[in-house]
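J.: Start from chain A and add chain B according to the hints.
Chains as they are written, first to last, in the numbering used here: chain A, 1 to 193; chain B, 1 to 193.
Since the hints were derived computationally from the structure, they do not count as laboratory data.
Just so you know, these numbers come straight off a predicted model, no measurement behind them.
Hints should not be assumed to be uniformly reliable.
A pair counts as met if it fits within one copy or between any two copies, since identical chains are not told apart.
As the list claims (entries may be wrong) - In the DSS-like style, the derived pairs of lysine-lysine whose C-alpha atoms are separated by at most 30 Å in a straight line are: (1) Lys63 - Lys96; (2) Lys115 - Lys187; (3) Lys174 - Lys93; (4) Lys47 - Lys27.
There are 2 protein chains.
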Amino acid sequence: MNINYPIKKQKNLNKTNYANRGMSLEKELNESNKYYRAHNIALIYKKPTPVQIVKVDYPKRQKAVIKEAYFQAPSTTDYNGIYRRKYIDFEAKEIKSKTAFPLQNIHIHQFEHLKQVLELGGITFIIVKFANLNKSFLLDGSITIELYDNYLNNGKKSISLKTFIEKGYEITDKCIYTLDYLKTVDKVYFDND
Amino acid sequence: MNINYPIKKQKNLNKTNYANRGMSLEKELNESNKYYRAHNIALIYKKPTPVQIVKVDYPKRQKAVIKEAYFQAPSTTDYNGIYRRKYIDFEAKEIKSKTAFPLQNIHIHQFEHLKQVLELGGITFIIVKFANLNKSFLLDGSITIELYDNYLNNGKKSISLKTFIEKGYEITDKCIYTLDYLKTVDKVYFDND
Chain A
1 MNINYPIKKQ KNLNKTNYAN RGMSLEKELN ESNKYYRAHN IALIYKKPTP VQIVKVDYPK
61 RQKAVIKEAY FQAPSTTDYN GIYRRKYIDF EAKEIKSKTA FPLQNIHIHQ FEHLKQVLEL
121 GGITFIIVKF ANLNKSFLLD GSITIELYDN YLNNGKKSIS LKTFIEKGYE ITDKCIYTLD
181 YLKTVDKVYF DND
Chain B
1 MNINYPIKKQ KNLNKTNYAN RGMSLEKELN ESNKYYRAHN IALIYKKPTP VQIVKVDYPK
61 RQKAVIKEAY FQAPSTTDYN GIYRRKYIDF EAKEIKSKTA FPLQNIHIHQ FEHLKQVLEL
121 GGITFIIVKF ANLNKSFLLD GSITIELYDN YLNNGKKSIS LKTFIEKGYE ITDKCIYTLD
181 YLKTVDKVYF DND
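Chain A on its own, in the form it takes in the complex (with noise of 0.2 Å):
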């Protein structure tokens, strides 16, 4: 654990850093909700990038070309979907700091999306994966939108890799080879079941 490589001198002696070991998260979770998919476990999709389309050309019937557009801020979070009967939404982030997830990753149209989700009664959380300890960790909503809150009252900007510790749950489950997050939503959410 924080094992402190000189990342920037490796990189230049050798392409692969330690950064890029593994996966990324997008490509991991894309994976695993592949695989919950496929085994009718649970019905979970990114939801594409907001696009804003200004131009589209239509060089041969059927097939048209998207000449300009926007990316647009998300509204929501970028995962959502069913699993054990109900609702789950969540936001995934990677980074590359080993101490501390900055809560300005989250955007505050998300913020309170993930607010409105908890009120009626959906599963929400966050996944963060410190891309260079290569550990990613599940953290409930109530208390992203707690520390979230706090930021916004000018308190902490960022939630630390120990309070991911303590307060998240390190996801170690695989499936297959990829990130097998639901069995971590089994213990936190369905625990008692």
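T.: What follows is chain B alone, placed relative to chain A:
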């Protein structure tokens, strides 16, 4: 009902034709969903259209322009979210026909998706608006799946208006000025609560 105005002729005389009476279904649902969110009733969003991005320019800092992208076929339905602690998932289609809804309007992936949501315990349905009749119906997912299954096996290629009237539910309530489809959901899925 079934007023056979000579629509095309009228178009030339007056820019307002009866097909455009009222909003498009998508706009109606977006307004309803905004209303539900604002009143903490439900969190239901239309998923962004999936777009495959090929080329992005960065003319100015922080303002990326997508220069080449393509529309992708949706693998899921357009709408999902949470209502009364339940996962809710549906597809919405507006048609010009006054007599039947062609089932080819639903992609096979969307059909598979609806089936899986049902198996996992979610609420599924389709909303079909007969624009020229200015009537919208909710048809339960299991009925839709049955009819689609039949269509895939060389059965009927469309769902008749009669079937919508007999087996579906017309959405008659309004929230302010748009379709209050969750009132219909209440009747269909929560009547015993």
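J.: Need the list of violated hint numbers for this structure, in ascending order.
T.: When the structure is compared with the hints, none of them turns out to be violated.
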